[in-house]
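Engineer: The residues making up each chain are set out below.
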Amino acid sequence: MTAFFRKLLSCFAGIVTLSIPGAFLSGAFLPAVHAQDWVRTGSNLSDQKIRLAAADFKPVGGDPQTPSYKASFDSTLYNDLANAGIFDMVSKSMAPQATPGSPQEINLGQWAADPANASMVAFGALSAANGRLSVSGWVFDAKNPGSPQVLGKQYNESASTDNARLIAHKFADEIIARLGGGINGIAETKLYFVSSRTGSKEIWVMDYDGQNQHIVTKLGSISLSPRIAPDNSRLAFSSIGKEGWSIRMFSLDLGRPVGFPAGTPGGSNFSPAWSGDGSKLAFSSSRSGDPEIWVCDANGGNLRKLTAFHGPDVSPTWNPRTNSQIAWVSGRTGLPQIYTMDVDGANIQRMTDGGYAISPSWSPNGQFLAFSWNRKYGPGAPGGQDIYVMDIASKRWIQLTHDAGSNDFPSWSPDGRHLVFERAINGHNEIWTMLADGTEQHELTKSGKNFMPNWSWK
Amino acid sequence: MNSRNRLITCLVLLVAVVGFAGCGKKKTRDTSSLAPSLSGPAPTAQLTATPTTITAGDQVVLTWRTTDATNISIEGIGDVPSSGVKTVTPSTSTSYHLVARGDGGSADATARVTVNPVQMAVAVPQDSSASNMTADEQFRANVQDIFFDYDAYDVRADQQAQLSKAAAYLAQNTSIKVLIGGYCDERGSNEYNLNLGQSRANSVKQALVQAGVAADRLRIVSYGKEKPFCTESTEECWQQNRRAGFTIDR
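Going down the list, the sequences are from chains H and R. Numbered according to our numbering, the first sequence terminates at residue 446, and the numbering increases by one at each position without gaps. Numbered according to our numbering, the second sequence terminates at residue 288, and the numbering increases by one at each position without gaps.
Possibly wrong hints are sitting among the right ones.
What the hints assert, rightly or not - Short derived list, chain H residues pointing at chain R, Cβ under 8 Å:
| # | residue |
| --- | --- |
| 1 | 237 |
| 2 | 258 |
| 3 | 279 |
| 4 | 297 |
| 5 | 346 |
| 6 | 360 |
Unchecked claim - So these bits of chain H aren't anywhere near chain R, every CB distance computed over 12 Å:
| # | residue |
| --- | --- |
| 7 | 117 |
| 8 | 158 |
| 9 | 165 |
| 10 | 170 |
| 11 | 189 |
| 12 | 210 |
| 13 | 221 |
| 14 | 253 |
| 15 | 278 |
| 16 | 292 |
| 17 | 303 |
| 18 | 313 |
| 19 | 390 |
Stated by the list, open to error - Calculated cross-link-like contacts (lysine-lysine; reagent style PhoX-like; alpha-carbon spacing at most 20 Å):
| # | chain 1 | residue 1 | chain 2 | residue 2 |
| --- | --- | --- | --- | --- |
| 20 | R | 203 | H | 230 |
| 21 | H | 437 | R | 265 |
| 22 | H | 158 | H | 46 |
| 23 | H | 230 | R | 124 |
| 24 | R | 243 | R | 215 |
None of these hints come from the bench; they were simulated from the model. Yeah, the Cβ is synthetic: ideal placement off N, Cα and C, and Gly gets one too.
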């Protein structure tokens, strides 16, 4: 009982912390604050991780495919929970050999004892029969045998390996939401990206863990800067055609490109960005001569220019919490820097103090900008291009990647705990993810060159 | 350091031009480091490609001659003798870059080969193809790439002569419309470089308009770093890629 109560308390503390980040950032209250403390706080990552065991599920039913479905399910569930960033996972080698298929079959003491020493156990049964896959899953509090059940879920889908993975994602997201302070998990989210593996740069999509990669656009030219709408209905991107670079739309509901006339006329049009409520788009356009940031409604109407300054303006990103501010990249003083402004173009603030700063992404809670920065840029300079996170209120920043290739295009996960980004090592561009404190870096793509990832909103 | 390097380069190129009058090939900027005190005569280098325009699948003969060099290499081919002939079959437009190094410094020479896709040759009617080729060659001889400094989109002083020549040619050939492409080197972000390429193409367009070319004859497009001319991570290659390139807009 006490263990679970403590978790509830820590979740509650996390929520309180979120609502008053200023108190933590001021440093006056916590003189010994470490550089990463505020990013852990703001990114919903905690130093106190819940010790969680994910038991292998019990196979039930006579379908010969059951063992292969079970293997996909078990590894997907374990990886989702490990990737979440909020659990201290019990490694499979330390977990009991048992595969309890129901609450009657679990011996909680076995899981609570060393070496597993689990606070929580996820377990259940998977059965495939008559072309259907059904899964029953539970989460029990191992330290509270009197009233252990925290979660119980049932799933039923047509039998396939993809659906075994899908059910594992759904169950993982339930567990993460229940134990992680009510913040939804990301196991069902998608990553959109650019890949040249077919010979031309097209937009591709994959699951958040790098599985299930497939092509979206087939235009045969160069398509860049994919940005998925908050409701997953449309994909905005930039593509070159007869009329130059235009902002184009692909309907994921219809499975084909749809018209977006506002993205075409004149000049070059690049780097679309959806507002957090999906009602507006910002993008860079040189239709008036110089490249500037423009804003329009999601249907292309009500188009207006926000910036008016000589030099490149590109790569807008909305504050998704308020939808009242935009951060972007401007070369108005020479090398590109990150700026913020209100959506009426007023109140321009420069955020970076030098170097070569590009590709901002605004965090879901509105508190941070992630971006790519080469702080010592110039001919012969040794500077690397790395991913940084800046606290907008204080302009304090931390560096998340170190001494590993050239890093660009960070994009926040909807839970604010993860970033996806592009890393080029020796000319090989691949998609990577990491936690928002720079730990747990994983390469997701291995095939061809891959660029410009964008994390879906849900 | 840059301007001094450029001065030395100019001297080296001057020697090369005097030594081989009639070598009409464009010299690229030499950025290989030169020893402060030069012992021995400066090397000279000459590289020609015949023909300079081919259809994909055709052969090109590279001919080169160097003097006072101990180490001669052609990018993409490797080390070569001090003079020689080699047949190559480039599938795409290629810039062959020869570097000759010796005790007295180094010299380089570049020969560009334009490769046209096969179907273009088929599509052009037989009777007009000859004159068309001549017009293309004239265009390429007079309207040449404008190169830019690192992260800059203002037309450099040393590129003004190139630009004036292009403007003069376009003033005489009023039927030609031009597509100006803006290109960047591989460093930095795709999205930012696409804007930089746009600004480079636009700078060249505005300069040509000021020189009297009608704006409606000039169309611009940015390729950023999406269509690099070369792909090596060297300053020579980066300079080749930081440019505005011209094609006849048909």
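Engineer: Hints first: check each against the structure and report whether it holds.
Structural biologist: Hints, one by one, checked against the model:
For residue 237 (chain H), the shortest C-beta to C-beta distance to chain R is roughly 18 Å, which exceeds 8 Å, and the interface hint is violated. Residue-level restraint check for residue 258 (chain H) holds (minimum Cβ-Cβ distance to chain R is 5 Å; threshold 8 Å). For residue 279 (chain H), the shortest C-beta to C-beta distance to chain R is roughly 5 Å, which falls under 8 Å, so the interface hint holds. With 8 Å as the threshold, the beta carbon of residue 297 (chain H) stays out of range of chain R, its nearest partner Cβ sitting at about 13 Å, so the hint is violated.
Checking residue 346 (chain H) against chain R: minimum C-beta separation of about 4 Å stays under 8 Å; hint holds. Here the hint on residue 360 (chain H) is kept, as its CB sits about 7 Å from the closest CB of chain R, short of 8 Å. With a least CB separation of 50 Å from chain R, residue 117 (chain H) remains clear of the 12 Å interface cut-off, as annotated. Separation of residue 158 (chain H) from chain R is adequate, the least Cβ-Cβ distance of about 35 Å exceeding the 12 Å criterion.
Annotated as non-interface, residue 165 (chain H) keeps its C-beta farther than 12 Å from every C-beta of chain R; the closest such distance is 34 Å. For residue 170 (chain H), the requirement that its beta carbon stay farther than 12 Å from each beta carbon of chain R is met, with the minimum near 35 Å. The claim that residue 189 (chain H) lies off the interface is violated: its Cβ sits roughly 8 Å from the closest Cβ of chain R, which falls inside the 12 Å cut-off. Residue-level check failed: residue 210 (chain H) sits 5 Å from the nearest beta carbon of chain R, not beyond 12 Å.
Every C-beta of chain R lies more than 12 Å from that of residue 221 (chain H), the closest at about 24 Å, which supports listing it as non-interface. With a cut of 12 Å on Cβ distances, residue 253 (chain H) stays outside the contact zone with chain R, its closest approach being about 14 Å. At the 12 Å boundary, the C-beta of residue 278 (chain H) falls inside the reach of chain R, the nearest C-beta of that chain being 8 Å off. In this structure residue 292 (chain H) is separated from chain R by more than 12 Å, as the shortest Cβ-Cβ distance comes to about 19 Å.
The Cβ of residue 303 (chain H) does not lie farther than 12 Å from every Cβ of chain R; its closest approach is about 5 Å, which violates its non-interface assignment. Every CB of chain R lies more than 12 Å from the CB of residue 313 (chain H), the least distance being 20 Å, so the non-interface label holds. Chain R leaves residue 390 (chain H) outside its interface by the beta-carbon criterion, the shortest separation being 19 Å against a cut-off of 12 Å. Restraint check for residue 203 (chain R) and residue 230 (chain H): not satisfied, since their Cα atoms lie roughly 29 Å apart, outside the 20 Å limit.
Proximity of residue 437 (chain H) to residue 265 (chain R) is assessed by CA-CA distance (about 15 Å); at most 20 Å being required, the pair is judged to hold. Of the supplied pair hints, the one linking residue 158 (chain H) and residue 46 (chain H) holds, its CA atoms being roughly 18 Å apart against a limit of 20 Å. Taking the CA atoms of residue 230 (chain H) and residue 124 (chain R), the gap is near 39 Å; set against the 20 Å cutoff, the hint is violated. Between residue 243 (chain R) and residue 215 (chain R), the direct Cα distance comes to roughly 12 Å. Compliance with the 20 Å bound is thereby established for this hinted pair.
Consistency note: the structure conflicts with the earlier hints numbered 1, 4, 11, 12, 15, 17, 20 and 23.
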